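If you want the building blocks of each chain, they are given just below.
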Amino acid sequence: MELTGAEIIMKVLKEEEVDAIFGYPGGAVLDIYDALAKTDLRHFFVRHEQGAVHAADSYARATQKVGVALVTSGPGATNAVTGIASANSDSIPMVVITGQVSSALIGNDAFQEVDIVGITRPCTKHNYLVKDIKKLAKTLREAFHIARTGRPGPVLVDIPKDVTIAKTEWVERDLLKMRSFNPTYKPNKKQLCKVIDLIKEAKKPVIFAGGGAIISGASEELTKFAQATNIPVTGSLMGLGSFPGTDPLWLGMLGMHGTYRANMAISECDLLIAIGVRFDDRVTGKTDEFAQNAQVVQIDIDPTSIQKNVPVKIPVVGDCNLALQYLNVKIDEEEDKASLNGINKDEWLQKISDWKSTTPLKYDHNGQIKPQYVIEKLHEFTDGDAIITTEVGQNQMWAAQYYHFNKPHHFITSGGLGVMGFGLPAAIGAQVGCPDKMVVDIAGDGSIQMNIQEMATAVQYGLPVKIVILNNRYLGMVRQWQELFYDGVYSSTTLDHNPDFVKLAEAYGAKGLRAETTDQVEAVLKEGLETKGPVIMEFVVEREENVYPMVPAGKAITQMLLV
Amino acid sequence: MEEKHILSILVDNEPGVLSRIAGLFSGRGYNIDSLSVAETIEPDISRITMITTADRVIIEQIKKQLHKLINVIKVYDLTDQKYVQRELALIKVHAKSENRAEILRIVDIFRSKVVDVGIDHFTIEISASIEKLEAFLMLLKPMGIMEIVRTGSVVIGRNNLKD
Ligand SMILES: Cc1ncc(C[n+]2csc(CCOP(=O)(O)OP(=O)(O)O)c2C)c(N)n1
Ligand SMILES: [Mg+2]
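Order-wise, the sequence lines are chains A and B. The first sequence begins at 1 in the working numbering and counts up one residue at a time. The second sequence begins at 1001 in the working numbering and counts up one residue at a time.
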């Protein structure tokens, strides 16, 4: 059967069981859009290509499937770059299809031509330019395979317009073999046995879980492992939800805005079991002093993450979930259970509990609406069960600190790249993937304006996303740095010309609500969350509230500024 | 401590692969001392021979990062193995009448050859190990070297390659 390139794209998407695409049309993808209209694939027409990519990213995180975005050549493709780079930093499985000018024009500086393969080479897991229609199906299949296999990541496939129009014989799927791509899933058992030995010796162990624990679906095994060994758990921003945030063994997030007890525990621990983390500088602070008393075990599917920033005693390359499964089997088989679940840990757990009671996460309740209070109330009103997306800045950190995530795949944030404007399109993507879930974007007044146009998408498709704007009339996080480290010179961080967010919501055909005093918070949240369609809830919060604890950049993580 | 490492890298023979490798090095601030690329006996596979200098931890990262590139099939580090290394150079050197005999003697000792002769210069072709090539250049320098073109090292393991 002869098919056009555009039809082949549709067939491969079907084959890959794609059920939603996020995209924006243009000249180079006209034929693809024409073919798309003749399928039952759900396409979500966003209002900016960056929105399409963030939505696909978040859809992937909420559903554990590969996200798909479709954009046109030139400006469509360059608009997608930020989203691609963010997904690359956060290891999100995604396929981005970009249209390209016709093969004959490539290299001629044609209208709407950019070398998007060149531009995105350093911020994709892999990318392709398909010059020959005979290779189209195979390339797309490879793209999906690469995106989801090993450490996931975005793969871009650039398709010239003539390739979408040309016809070729459809070739059924064959076994996909790639000689140069075979990630190691099975961890080395000998290495893992050494981990068991270290646990027996350790007096002050800590588990540190990251995005890898979530991506590999390891939450259940992780929880079992920590509880069986009685080892306290901390997490990176990307690791929130991998271990229940209300479990007594949970230390809270670590790092720049980590809890006092998490950062102290890392500094004092004698064994650090790192699972699916890459020791980002926002986590380690000054690396020389990070976990300097600990023997470090690092489990990761990506060998380049191991030993990159922190010296590692026992490296384990492999899938986090498989590694934890094996460790749990070993623990079950152990006859001397007490040697593992730690009679010798009482003192350690006591110390941690003392840190928690003397220096908990806290804020001062006086004055105007406290942003932390809004998040606590949101947690209460949603039973801690909502999917939370965030923008970037203080709003993101307060969401991380005060929403106490109990389940994986419920916290969706641009962690590695920190993209303002991520939260709203991300909420849309998550809502498309999980129509029955409550999805809330915790936003800042600055960030929300970076992709506010996606309100139209939410309204068009009746996606009932809830947007909580913590309006401090500042680029709050940058202002906080200026206050603390730049003598309070608020250079270009004041937002005195914000739109009226309630009217803005209404202009898009959504609902807008505002709370200006603490006693209005509950009513606004209640009404907002109970409303069927998309809602913007604006909370006029204490302007100069800061995120604490805070470790100044480059300092050891024990050197925290506290409330 | 910085170390010089010789890497032999098998890659897909496809457009853009060299750019991925060069991009990896420039993006992460790694150093390329020399680089040579050509097809292997399998036409869809190319071999890149690269010499890079960095401390041990970075060298490990470089190898892992290279391996992570989808188009990289295998990365061999030949540094601690037995190998034969050669580099080809074309050298244009001043050859005044009083120096000609001396130059020819050096050429002879190094088993290189004169491949082009001009009124006042010779062009010499030499294939040698790095050390020998450096020594050769040192001897020719006083005569006045006008131009040098070097290929970068090619290296082959004496035994079957180990990872
Ligand atoms: C696209 C982009 N530009 C700039 C920044 C730098 N930045 C980080 S946080 C921040 C302030 C965010 O302000 P707002 O959304 O109001 O959040 P707040 O910190 O006030 O909660 C800025 C400008 C960024 N992260 N992303
Ligand atoms: Mg703000």
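By construction, these hints were calculated from the structure, which means they are not laboratory data. It should be emphasised that the depicted structure is a prediction, and the values quoted were computed from it without experimental measurement. Careful, some of the hints might be misleading.
[Unchecked claim] Now the in silico label distances, taken between C-beta atoms and shown as ranges: (1) B:K1113 / A:D174: 47 to 57 Å; (2) B:S1019 / A:W481: 45 to 55 Å; (3) B:V1117 / A:K135: 49 to 59 Å.
[Claimed, not checked] Facing chain B, from chain A, some residues (calculated, C-beta under 8 Å): (4) R121; (5) H126; (6) I146; (7) L176; (8) S180; (9) P303; (10) T304; (11) Q307; (12) K308.
All C-beta atoms, glycine included, are put in the ideal place defined by N, C-alpha and C.
Looking back at the numbered hints, which does the structure fail to meet, lowest number first? 2, 7
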